[in-house]
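Q: Sequence:
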Amino acid sequence: MRAFGCVFSCYLSACPEVFLFSLCPTDCLELLLLLESMAYTGTPPPAGPIGSQYCVCKVELSICGQNLLDRDVTSKSDPFCVLFMEVNGKWVELDRTETAVNNLNPAFSKKFVVDYHFEEVQKLKFALFDQDKSSTQLYEHDFLGEFSCTLGTIVSSKKITRTLLLGNGKPAGKGMITIAAQELSDNRVITLSMAGRKLDKKDLFGKSDPFLEFYKPGDDGKWMLVHRTEVIKYTLDPVWKPFTVPLVSLCDGDVEKLIKLELECINPKKQKKKKNYKNSGIIIVKSCKITRDFSFLDYILGGCQLMFTVGIDFTASNGNPRDPSSLHYINPMGTNEYLSAIWAVGQIIQDYDSDKMFPALGFGAQLPPDWKVMCSSDLCA
0 MRAFGCVFSC YLSACPEVFL FSLCPTDCLE LLLLLESMAY TGTPPPAGPI
50 GSQYCVCKVE LSICGQNLLD RDVTSKSDPF CVLFMEVNGK WVELDRTETA
100 VNNLNPAFSK KFVVDYHFEE VQKLKFALFD QDKSSTQLYE HDFLGEFSCT
150 LGTIVSSKKI TRTLLLGNGK PAGKGMITIA AQELSDNRVI TLSMAGRKLD
200 KKDLFGKSDP FLEFYKPGDD GKWMLVHRTE VIKYTLDPVW KPFTVPLVSL
250 CDGDVEKLIK LELECINPKK QKKKKNYKNS GIIIVKSCKI TRDFSFLDYI
300 LGGCQLMFTV GIDFTASNGN PRDPSSLHYI NPMGTNEYLS AIWAVGQIIQ
350 DYDSDKMFPA LGFGAQLPPD WKVMCSSDLC A
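Residue numbering for the sequence shown is 0 to 380, as defined by numbering that gives the first Met the number 0.
Please note that the accuracy of each hint is not assured.
[As the list claims (entries may be wrong)] Below, in silico cross-link-like pairs of lysine-lysine (BS3-like), each with a Cα-Cα straight-line distance of 25 angstroms or less:
1) Lys259 to Lys288
2) Lys158 to Lys122
3) Lys57 to Lys110
4) Lys232 to Lys259
5) Lys173 to Lys240
6) Lys285 to Lys232
7) Lys221 to Lys256
8) Lys122 to Lys355
[To be verified] Here are the simulated distance ranges between beta carbons:
9) Asp69 to Met356: 33 to 43 angstroms
10) Glu255 to Tyr233: 35 to 45 angstroms
11) Asn102 to Met356: 37 to 47 angstroms
12) Leu360 to Cys303: 16 to 26 angstroms
13) Asn167 to Asp69: 16 to 26 angstroms
14) Val344 to Asp69: 39 to 49 angstroms
15) Leu260 to Gly220: 14 to 24 angstroms
16) Glu255 to Ser339: 19 to 29 angstroms
17) Asp352 to Pro320: 22 to 32 angstroms
18) Ser294 to Asp253: 19 to 29 angstroms
19) Glu229 to Thr290: 38 to 48 angstroms
20) Gly220 to Val344: 42 to 52 angstroms
Hints listed in this document are in silico derivations from the structure and should not be mistaken for laboratory results.
All C-beta atoms, glycine included, are put in the ideal place defined by N, C-alpha and C.
With the sequences and hints as input, model every part of the structure.
A: Next comes the structure, spelled out in structure tokens:
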């Protein structure tokens with residue numbers, strides 16, 4: 000064994016121990032990977048939802064690996080990928096893929112499904128391990144590398160390929176990871192135009208006031224009201240206004256699913272008395288059109304780019320920036336309202352800006368050497 004001095008301070012239990020190793024560079028890498036695997040304690044996912052209570056939509060993430068480290072002696076690595084999300088400053092495990100046996104270039108069939116919130120910075124970490132045991136504890140498996148980014152970075156690019164890194168920030172060999180994003184939401188809507196003809200008169204001293212009700216079967220087997228049209232007064236030949244409802248609301252997105260349209264068109268008394276009785280009117284579907292209601296994420300995945308431009312009012316009416324009462328006051332202990340607002344919005348928008356260049360524009364400023372107000376409006380004085 001070639002001499003190569005390495006000192007590691009390991010805390011493997013309640014008592015710290017210091018080990019002195021004389022290792023070759025390859026052995027040092029093996030030990031480093033071992034320690035990094037032990038750093039993953041397998042934090043279980045929380046019982047409730049992560050992030051805001053209401054999400055915009057769900058995003059499906061597909062994972063592939065290329066040229067992963069080979070940690071097995073007699074065969075190739077058996078990699079699996081673990082997804083973490085940063086919650087309150089801590090990495091929380093969300094899900095794991097299946098294990099790809101003897102494969103250094105895996106394409107995992109299991110997809111990660113994540114709630115997407117445009118207004119939040121959602122930090123994700125993808126860590127790959129070589130499965131050696133049946134244990135669910137990650138420190139029992141060999142670490143192959145990791146990659147961290149925001150969900151916005153993946154969504155804005157639709158597909159990214161990045162280098163896997165070790166815990167010390169160095170590349171994990173030639174290992175790469177490819178992540179592809181796809182929106183998981185049925186945003187189809189259905190537009191219906193309905194009419195009635197020769198409806199049975201229900202009122203004693205006038206014509207009927209008909210309306211329609213649409214129902215779908217619930218999980219408990221009972222019919223659940225989905226939509227009610229407006230009431231058309233005093234007519235037996237109503238024409239209701241066209242209406243639009245989400246297809247998920249009407250039939251759970253399944254166009255083959257049975258729905259019920261309720262209107263008292265059958266008169267039991269007339270049906271019993273008259274043998275030639277057919278009905279008490281008919282309902283006509285004048286038009287039925289299913290379209291897609293594009294979401295914000297559809298535009299982003301379709302290649303739409305956002306440009307972040309900052310505009311600042313430098314007019315003297317805002318006060319001297321050295322005066323604590325001024326809106327432009329530069330607090331030596333922190334940021335002012337302007338900087339806080341720019342940072343809060345900018346850290347979200349930056350993931351969707353292609354060139355990562357953010358123009359900053361201003362008006363009303365007095366610039367040297369003549370200190371003239373840079374604005375054509377009298378309001379800038």
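Q: All hints are to be evaluated individually against the structure, with a verdict given for each.
A: Evaluation of the provided hints:
1. Lys259 to Lys288: Answer holds: Lys259 to Lys288 is near 18 angstroms, not above 25 angstroms.
2. Lys158 to Lys122: 17 angstroms, holds
3. Lys57 to Lys110: 12 angstroms, holds
4. Lys232 to Lys259: 23 angstroms, holds
5. Lys173 to Lys240: Not satisfied, since the Cα-Cα distance of roughly 62 angstroms exceeds 25 angstroms.
6. Lys285 to Lys232: 20 angstroms, holds
7. Lys221 to Lys256: Holds. Lys221 to Lys256 sits at ~14 angstroms (cutoff 25 angstroms).
8. Lys122 to Lys355: 18 angstroms, holds
9. Asp69 to Met356: 33 to 43 angstroms: Since Asp69 and Met356 have Cβ atoms about 41 angstroms apart, the given range 33 to 43 angstroms holds.
10. Glu255 to Tyr233: 35 to 45 angstroms: Check passed, 38 angstroms falls within 35 to 45 angstroms.
11. Asn102 to Met356: 37 to 47 angstroms: Roughly 40 angstroms apart at Cβ, these two residues keep to the hinted range, so it holds.
12. Leu360 to Cys303: 16 to 26 angstroms: 23 angstroms, holds
13. Asn167 to Asp69: 16 to 26 angstroms: 20 angstroms, holds
14. Val344 to Asp69: 39 to 49 angstroms: The hint (39 to 49 angstroms, Cβ to Cβ) holds, given that Val344 and Asp69 are roughly 45 angstroms apart.
15. Leu260 to Gly220: 14 to 24 angstroms: Distance hint for Leu260, Gly220 holds at roughly 19 angstroms.
16. Glu255 to Ser339: 19 to 29 angstroms: 53 angstroms, violated
17. Asp352 to Pro320: 22 to 32 angstroms: Hint holds: Cβ distance 28 angstroms, inside 22 to 32 angstroms.
18. Ser294 to Asp253: 19 to 29 angstroms: Because 20 angstroms falls inside the window, the suggested range holds.
19. Glu229 to Thr290: 38 to 48 angstroms: 22 angstroms, violated
20. Gly220 to Val344: 42 to 52 angstroms: 49 angstroms Cβ-Cβ, so the 42 to 52 angstroms window holds.
This entry does not satisfy hints 5, 16 and 19, going by the numbered hints stated previously.
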